[in-house]
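Assembly of the complex is requested from the two constituent chains, each provided in isolation within its own frame, with the hints serving as guidance.
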Amino acid sequence: MTKKYWNYTWKIFTILLLVYVIMGGLLFDVPALPVIHQTIRNIYFHVGMWFSMIFILFLGFLFSLMYLRSFDLKYDRMAFATVKTGLVFGILGIITGMIWAQNTWGTWWLNDPKLNGAAVGILVYLAYLILRASLDDPEKRARLAAVYKIFAFVIMFVFIMILPRISGPSIHPGVDGNPALATGDLAPVMRKVFFPAILGWILFSYWIYTIVERTDKISEKINYLNSEN
Amino acid sequence: MPELIIPMVFKEIVNLMHKEFLLEWRQKHALGGIVLYLVSTIFICYLSFAGIMTVATWNALFWIIIAFATLNLVLKSFNDETSGRKLYLYTLVSPSAIIFSKILINAIVMMVLGILGFLLFNLFMGNIAGTNVSYWLVLLIGVVGFASLLTMISAIASQAKNNFTLMAILGFPLLLPLLLVLIRASLAAIQGAGILDIVGDLLVILLLVMISLTLSSILFPYLWKE
Numbered sequence: 001m002t003k004k005y006w007n008y009t010w011k012i013f014t015i016l017l018l019v020y021v022i023m024g025g026l027l028f029d030v031p032a033l034p035v036i037h038q039t040i041r042n043i044y045f046h047v048g049m050w051f052s053m054i055f056i057l058f059l060g061f062l063f064s065l066m067y068l069r070s071f072d073l074k075y076d077r078m079a080f081a082t083v084k085t086g087l088v089f090g091i092l093g094i095i096t097g098m099i100w101a102q103n104t105w106g107t108w109w110l111n112d113p114k115l116n117g118a119a120v121g122i123l124v125y126l127a128y129l130i131l132r133a134s135l136d137d138p139e140k141r142a143r144l145a146a147v148y149k150i151f152a153f154v155i156m157f158v159f160i161m162i163l164p165r166i167s168g169p170s171i172h173p174g175v176d177g178n179p180a181l182a183t184g185d186l187a188p189v190m191r192k193v194f195f196p197a198i199l200g201w202i203l204f205s206y207w208i209y210t211i212v213e214r215t216d217k218i219s220e221k222i223n224y225l226n227s228e229n
Numbered sequence: 001m002p003e004l005i006i007p008m009v010f011k012e013i014v015n016l017m018h019k020e021f022l023l024e025w026r027q028k029h030a031l032g033g034i035v036l037y038l039v040s041t042i043f044i045c046y047l048s049f050a051g052i053m054t055v056a057t058w059n060a061l062f063w064i065i066i067a068f069a070t071l072n073l074v075l076k077s078f079n080d081e082t083s084g085r086k087l088y089l090y091t092l093v094s095p096s097a098i099i100f101s102k103i104l105i106n107a108i109v110m111m112v113l114g115i116l117g118f119l120l121f122n123l124f125m126g127n128i129a130g131t132n133v134s135y136w137l138v139l140l141i142g143v144v145g146f147a148s149l150l151t152m153i154s155a156i157a158s159q160a161k162n163n164f165t166l167m168a169i170l171g172f173p174l175l176l177p178l179l180l181v182l183i184r185a186s187l188a189a190i191q192g193a194g195i196l197d198i199v200g201d202l203l204v205i206l207l208l209v210m211i212s213l214t215l216s217s218i219l220f221p222y223l224w225k226e
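Quick mapping for you: the protein sequence lines, in order, are chains A and E.
Heads up, the first sequence is in my numbering, so the first residue is 1 and it goes up one at a time.
Heads up, the second sequence is in my numbering, so the first residue is 1 and it goes up one at a time.
Extracted from the complex, chain E is given alone in its bound form (with noise of 0.2 Å):
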């Protein structure tokens, strides 16, 4: 019975992104760190790179952080997770409802850590980008890659020891492709190109938040059962 069973999966993603975004609302002081991070990144950058910045400079330092901060957001989705919850969880849904509601909720954190941080990098960096809308649209799109992708990496490095570490090092080749696609078109569109000049790259970018979601509903079940 397809028909009665997406609709569950759905209502169980929903539930449990509820769930989620009560978590993060509770420990706000985690949330804050990682906004905290994001400002003191930037203004490292501000001061480091004062008086030497291109517009290709400033792009890639932009992407760059962005990495960090949600790698950062994403390494602590799994480790707040204690056993006798996840047991619970277990018995209640799906794997593949969790890893959905997982990656939603990065997903829409991100979007808002990736407004805030533009926000601040056009405040400090100079603002080479602030109306520009199909930058607006690769950041936006780029930010939820990045989720989709750390997320599944997120529930590997969790299980290990050495968390942070590992999670850079499993990451962040896997974040290559998305990275320099990421670069390429916003330096398009900061160079005045419009949403159907860089529709291929989109797609592109598309495509691999596609794959990593698909890979991660096959892969985490694996994970999840001990």
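The following block holds chain A by itself, in its conformation from the complex (with noise of 0.2 Å):
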């Protein structure tokens, strides 16, 4: 009773959070900087974006993981589930960061370090939908896929952590290292909009992900009837 509870208070809350977060980032004040202007409010979603994904493959990393330990096809499901959500958060990361590069800095992209990582990121990830499309044994494709996401996920942090050594200083604003998380940077009149849309966008995009993951439990339940039929 309690779970079941549980189960829909939580999108409930979700929903009200980004209801907040949507009209408040739209509407409460925001300090006028040069050049940002207006635009800083795409923090709000921008950011958002690149938390919720992050916070979605580390799922799906700690889903390969236990795949490798159990061999339970259930984990393989949720981890590939967690890859097509991510990917998701990750291009509308993308695109929103785009659409306000070309408002403040006039261009679509530029070489920078932290918008290569992400590129790269997301070719690792759609790499490993190419790498699962080509694998027919339901077995094997697991085996592989939790493989080759622990190996790329490892390499992809280090990648992260040493691509600002390697590419000089980056254009885009935040600290070096976590570009989110320069809250000293925020003005305090931000920050009330700000951390309640980080929780909001996490909680729905792990909403998403079980969405997604039951969509393909109850396919993979057709297929079967349909195989023995």
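Worth flagging that the hints you see were computed from the coordinates, not collected in a lab.
Wrong hints could be hidden among the right ones.
Residues from chain E shown here face chain A by an in silico Cβ test under 8 Å; the list is partial [said to hold, decoys possible]: (1) I156; (2) K161; (3) L166; (4) L174; (5) L213; (6) L215; (7) L219.
We put the CB at the ideal spot given by N, CA and C, even for glycine.
Okay, here's the thing in structure tokens:
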């Protein structure tokens, strides 16, 4: 009973949070800064997308580890669903970033360590999808996909750590290292939308992930029933 | 009894490397193919880039050619294992010994190919880094890095259809950190940096090699057993 209750409470909470974030994000006062002006509101949406993506993909990394420990195909399905969800949030993050860049830097893309890191991360996960698509046997596909995902995740993590070192300073806002957690720079008036925004988008991404995972589970079941007849 | 197990793994690695070496030697045409690939690519670049070559282009181009050559070499390291031989090896040695021996043999062959490619590159594209000690050091450590990263990717890709494409799309994004550090360090070497100036970059490369070796030895057993 309590579990069922909790099952929709957090979703209602997420909706309320995001309604607040969208309204507050578009309407509340923001500090007037040169060049950036109103585009600063993008921080509530763009940064939220990256937090969600990293959260979901880290979850996927854990699922892949769990798959290799248990060889239970359930974890493979979960890992696959995290990649599909994470990629959508990553692509939204790139799109929101590009629109912002066009309005402030005057270009859609430029050679910057943070932008390149994001692009390479997305390439790795697209490659993961291709790897899965080229294997037919479910057990083998799950095994290879999990091995590649763990290998790639660790290498990418190191890459992002050493990237600022090899590419020099970044034009992207935020401190070196983590672009989002530069809360010291954030005006107090913006914090009351920014922190709910992060939490809201992360919860929302987890919600989307559960839907993707359940859809996959159902279509697996349908395929299984079809193959029996 | 770890004191007993560790020398055993070394012995296994040495024996496996001997086997790999014999196999390479018996299939000299395959190795010759990669050498020819290297020569043709360098020659095509020589003709295409004539007159528009700067030092930075020279350097970046060289590393991209080496990356593709490594891809081609490493691609076949798991393809010619028949399933019967796989089973036989599986009963005999530990999976870590297999992946380490493959990485080592690929690294050694790549060192030879890298030196050959470098000499040819200097011959055709102009002698820019001919006797530069720092450059040679970066070259030798760099090809070891390529080999260690890509061997594991090859182990994954060899089990799927569409090998070469898959190998490239799985490998290149992961190769990028290594490639960027290498291009940076080698360009510094050309511009006159001593070994002490690029030691930081060399350590980053060694770190990447260590990480990919560790991950390979942890993850390869899962690929090996079917």
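Cross-check of the supplied hints:
1. I156: For I156 of chain E, the interface hint holds, since the closest Cβ of chain A sits about 5 Å away, which is under 8 Å.
2. K161: Since chain A brings a Cβ to about 5 Å from K161 of chain E, closer than 8 Å, the hint holds.
3. L166: 6 Å, holds
4. L174: 5 Å, holds
5. L213: Where the cut-off is 8 Å and the nearest Cβ of chain A is about 12 Å from L213 of chain E, the hint is violated.
6. L215: OK, holds: L215 of chain E within 8 Å of chain A, min 5 Å.
7. L219: For L219 of chain E, the interface hint holds, since the closest Cβ of chain A sits about 5 Å away, which is under 8 Å.
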